[in-house]
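In case you want the letters, here they are:
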Amino acid sequence: MQNRNYAVELVNVTTRYPRSRDPALIDVSFKAPKESIVLITGPNGAGKTTLLQVILGFLKPLKGRIRVLGYDVPKHARLVRKSIGYLKQDFMKPKTETFRVREVVAMGLAPYKGLFQSISEEDEKAILDALRMVGAEDLLEKPFGILSGGQQQRVMLARVIVRKPKLILLDEPFSSIDKEGRAELARLIHSLRKKLGATAVIVSHDAKPLERYADLVVELRNGRIARVEMH
Amino acid sequence: MTITFTVLHGVLAGAAISLMLLIPPEPLAFMLGVLLAVMIEYLHEYMGIDRDAASMALFSFASALAMMAVFMTPSKTLTSESASLILWGSILAINSGKLVLLTCILVSVIIYVLAFKLEIKAILFDPELAEAEGINVKIHALILIILIAITITASLKLIGGFMLFALLYNPIILAERIRTTQQALVSGIIGAVAGSMGVIISYLLDTPTGATVALTASTILIIGLTVTTIGDKLMENKILEQLHKHWE
Chain A
78 MQNRNYAVEL
88 VNVTTRYPRS
98 RDPALIDVSF
108 KAPKESIVLI
118 TGPNGAGKTT
128 LLQVILGFLK
138 PLKGRIRVLG
148 YDVPKHARLV
158 RKSIGYLKQD
168 FMKPKTETFR
178 VREVVAMGLA
188 PYKGLFQSIS
198 EEDEKAILDA
208 LRMVGAEDLL
218 EKPFGILSGG
228 QQQRVMLARV
238 IVRKPKLILL
248 DEPFSSIDKE
258 GRAELARLIH
268 SLRKKLGATA
278 VIVSHDAKPL
288 ERYADLVVEL
298 RNGRIARVEM
308 H
Chain B
93 MTITFTVLHG
103 VLAGAAISLM
113 LLIPPEPLAF
123 MLGVLLAVMI
133 EYLHEYMGID
143 RDAASMALFS
153 FASALAMMAV
163 FMTPSKTLTS
173 ESASLILWGS
183 ILAINSGKLV
193 LLTCILVSVI
203 IYVLAFKLEI
213 KAILFDPELA
223 EAEGINVKIH
233 ALILIILIAI
243 TITASLKLIG
253 GFMLFALLYN
263 PIILAERIRT
273 TQQALVSGII
283 GAVAGSMGVI
293 ISYLLDTPTG
303 ATVALTASTI
313 LIIGLTVTTI
323 GDKLMENKIL
333 EQLHKHWE
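Residue numbers (this note's numbering), protein chains in the order written: chain A, 78 to 308; chain B, 93 to 340.
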């Protein structure tokens, strides 16, 4: 039976990467309430990105149970992914990337389109609105490759927003931006929770920018839960 | 690019084995081409082997298979027209049936690209992100591999196995150099122009089709690289001139 109160539920999850002897996560359990902001923190190698891979269904659990938006993962992963907006840690593209910003954001709508369907006028408006939310509307026609790291990240965030996801997964979103940008991003995440009714799971080794907004803080160390704090 | 390279050698190996068995080359050539490409993906997905490394390993395997088949083929067959067609191509390989087949392949590719335009773009930009957003990347990779194998197999006797490289890689190199947002379309157009011009020149001058197409594609590439280099230099000078005027 689906528990409708939690967007993400992990129960005693242990997993490892293929061909790796050591488990990457050991007996990890936590539940992210709907419309909450969850901060996953910990040192490098703690298993933070692995946790996102598990939520996305890219890594199968050796034991335990994972439920995302009410569905078992990885069994229903492809279905669930359509309701997820994901910002990867390694999102940057080289200077030779010629896709325009408008196209990159539009790609986020691809899973919702039928055969032969293109981007509609309504979609174009949604793309512009998403870029406006992240302060990147003037980059619309620029090639993605020539943008700076911070600009590329804002465009990728716009791609997350345009999907109107129920679950937002951000992997180290503060790594490419300055102190002022971090505060702005934290406020944006907080506003997205309200606007979209979305749950946000954010992985960051730097907890400070999100401290005042996070409803749940999960600290990982060596693949295990070291601390869980409800705010 | 390396997957296409390996598929081509798989197709050649299949054709060589068919020659040895005295059967039509197309079915086995197609199957071996697709099999090798699927094996690259399998080795990458389930054994964590880098795609380029897997491609090179399977390329060696396919080349060895082809050489072994050639070694075991009776010399009478080797010197026959069918062997020559597979290696060097011939304009005489075009018949109405082949034209219909090539047209059907072209229409299939166009339909596929138009039907899944956004998804294909998303996969080209970042396949991992596309998968995370709910796109079935594996299915599209398989479809693309099959289309590549079909296209190479259908073109084998016309252009010849060794000359197909020019049509596979030169247009992509030039399209990347042009820095257009429609790289796929531009490289397709360049390939079509090079192929058509090559076949026409081969007919007019009565030269080997495959070699003529390859030389035409190479000439277009050299001209394109020269023009874009000169264009870049002129643009550079124009920018410096404008900056100089601004400082004054």
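Bear in mind the hints are in silico, worked out from the structure with no lab data behind them.
Hints may be right or wrong, so weigh each one.
[What the hints assert, rightly or not] In silico DSS-like pairs for lysine-lysine, Cα to Cα no more than 25 Å straight-line:
#1 A:K272 / B:K209
#2 A:K202 / A:K190
#3 A:K165 / B:K190
#4 A:K165 / B:K330
#5 B:K337 / A:K172
#6 A:K152 / B:K325
#7 A:K243 / A:K219
#8 A:K219 / B:K330
#9 A:K165 / A:K108
#10 B:K209 / A:K219
#11 A:K243 / A:K272
#12 B:K209 / A:K159
#13 A:K137 / A:K202
#14 B:K325 / A:K165
#15 B:K330 / A:K137
#16 A:K219 / A:K111
#17 B:K230 / A:K219
In this text the structure is predicted, and so the values were computed from the model without any measurement.
Now for the hints, and whether the structure bears them out:
1. Distance check on the hinted pair: K272 (chain A) and K209 (chain B) sit about 30 Å apart at the alpha-carbon level, beyond 25 Å; violated.
2. For a cut-off of 25 Å, the pair hint linking K202 (chain A) to K190 (chain A) stands: about 16 Å separates their Cα positions.
3. For the hint pairing K165 (chain A) with K190 (chain B), the CA-to-CA distance comes to about 46 Å; that exceeds 25 Å, so the pair is violated.
4. With a CA separation close to 39 Å, the supplied pair K165 (chain A) and K330 (chain B) exceeds the 25 Å bound.
5. In summary, the hint linking K337 (chain B) to K172 (chain A) is not supported, as the alpha carbons are separated by about 29 Å, beyond the 25 Å threshold.
6. Straight-line distance between C-alpha atoms of K152 (chain A) and K325 (chain B) comes to about 55 Å, which puts the hinted pair past the 25 Å bound.
7. The suggested pairing of K243 (chain A) with K219 (chain A) is violated, with an alpha-carbon distance near 29 Å, which exceeds 25 Å.
8. With a C-alpha separation of about 21 Å, the suggested pair K219 (chain A) and K330 (chain B) falls inside the 25 Å cut-off, and the hint holds.
9. Distance check on the hinted pair: K165 (chain A) and K108 (chain A) sit about 22 Å apart at the alpha-carbon level, within 25 Å; holds.
10. For the given pair, K209 (chain B) sits about 20 Å from K219 (chain A) by alpha-carbon distance, which is consistent with the 25 Å threshold.
11. Annotation: proposed proximity of K243 (chain A) to K272 (chain A) holds, straight-line Cα distance about 11 Å (limit 25 Å).
12. Proposed proximity of K209 (chain B) and K159 (chain A) is supported: the alpha carbons are some 18 Å apart, at most 25 Å.
13. Taking the CA atoms of K137 (chain A) and K202 (chain A), the gap is about 38 Å. The hint is violated against a cut of 25 Å.
14. For the suggested pair K325 (chain B) and K165 (chain A), the alpha carbons sit about 37 Å apart, so the restraint of at most 25 Å is broken.
15. Using a Cα cut-off of 25 Å, the hinted pair K330 (chain B) and K137 (chain A) is violated, with the two alpha carbons roughly 57 Å apart.
16. For the given pair, K219 (chain A) sits about 36 Å from K111 (chain A) by alpha-carbon distance, which is inconsistent with the 25 Å threshold.
17. The suggested pairing of K230 (chain B) with K219 (chain A) is violated, with an alpha-carbon distance near 30 Å, which exceeds 25 Å.
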